[in-house]
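Engineer: The opening residue of the sequence shown carries number 1134 in this note's numbering; numbering runs sequentially from there.
Bear in mind the hints are in silico, worked out from the structure with no lab data behind them. All values reported here derive from a predicted model rather than from experimental measurement. Among the hints, a few may not be true.
Using C-beta positions, here's what the derived DEER-type ranges look like [what the hints assert, rightly or not]:
#, residue 1, residue 2, range
1, Arg1269, Lys1449, 25 to 31 Å
2, Pro1366, Asp1445, 52 to 58 Å
3, Asn1471, Asn1400, 31 to 37 Å
4, Val1398, Ser1481, 38 to 44 Å
5, His1401, Asn1489, 44 to 50 Å
6, Gly1192, Glu1480, 44 to 50 Å
7, Leu1492, Glu1249, 48 to 54 Å
8, Glu1249, Ile1485, 50 to 56 Å
9, Asp1380, Lys1503, 34 to 40 Å
10, Gly1356, Asn1400, 39 to 45 Å
11, Arg1396, Ser1260, 19 to 25 Å
All residues carry an ideal CB built from backbone N, CA and C; glycine is no exception.
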Amino acid sequence: MLDYEVIIIGAGLAGLTAAIHLSQNSVSVLVLEKSPLPRHKVCGEYISNEVRPYFKSLGIDFGKEYPSISKFRLQTTSGRSTSCELPLGGFGISRYAIDNGLYVKSLENGVKFRFENVEDVVFNNNSFLVETKSGRFHSKYVLGCFGKRSTMDKKFNRPFIQRKSPWLGIKGHYYSKEFPHDLVALGTFKGGYGGLSMVEDNKVNFCYLVSYESFKEIGDIMGFNEKIVSKNPMLRAFLEHSELTEDFIKPISISQISFEKKRAVENHMLMCGDSAGLIHPLCGNGMAMAITSAKLASEILIAGLKGSIDRDNLEKTYSIKWKNEFSKRLAFGRNFQNLFLKPFLLESGLGILRTNQKLLPYLISKTHGKPMVV
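With the hints as constraints, model all of the structure from the sequences given.
Structural biologist: In structure tokens, the structure reads:
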């Protein structure tokens, strides 16, 4: 006897979106998440408008209180810059706000939640046994939506988790009277790059990625902001004329961020969101990718529950669909990042971008999808 048709491990964007999609199709869902919701997370907090049709179909509306973003600006440490209109545009929303909205919607749909660590997942006789500290749960399918790095990655000995990653992510919310509501701004500095964009309540999200080699020269976030990040004129001006919000006594961070390739299916679990693959933050579209992957996974799980496809073909089909949807974006992001971290190449590339005004919107479009068909 199965306790649930689908168990979702992780309540990030992918996990919560999948929970809503599945529950609206009369699927019994349990979400297992280690920490209560909502909470702040290191994230760029910009979502491409490509997800709006899908969200609308799920009864989700993040409306006028969230800033509409239509412009992009890039500035190097030397002060040279270029800008363009974003091909699709998007909106700014904090992970705290969107996770809370999706969580409330999931509860309304009858999704069950347990906030505790998953200790083991065992696949046997065409079903799963998921164990936590306080219980054992059976399901037909399991979705792995546990983010960038997890104890589950170690449990299944995923290749990327065996290697140390050189990347550290840092984020804070700031009050700034000068930052435009409709802009995503990206600035480079030694060993990394950071993005600025408005979210709800007139707060600006400043999130950046930096290599350990660069960060360890200073060793603390506030000192690094002052001595390294502020070498970029745009980022210096922002930091000098802003202050952390009351919910951020200090910026938060996440270590060991890996951009290596990951498999879309592990131990018969479908991987969703960052668990399946993480795009470089400079591309600014990881949130939309997580939401899109939830749609792909939910649709194929519904087909499996109806008996339209067996497990073996379900796993193969999901892997193919995931690859077709995201592999080119991820590869482009990796190549694009290599350019950002080489100042000479970036300065040369910036000159080309300023000469050819159509090139930058084209490059941005390569990391984004088209409006989702529902």
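Engineer: Which hint numbers doesn't this structure obey?
Structural biologist: Every hint satisfied by this model.
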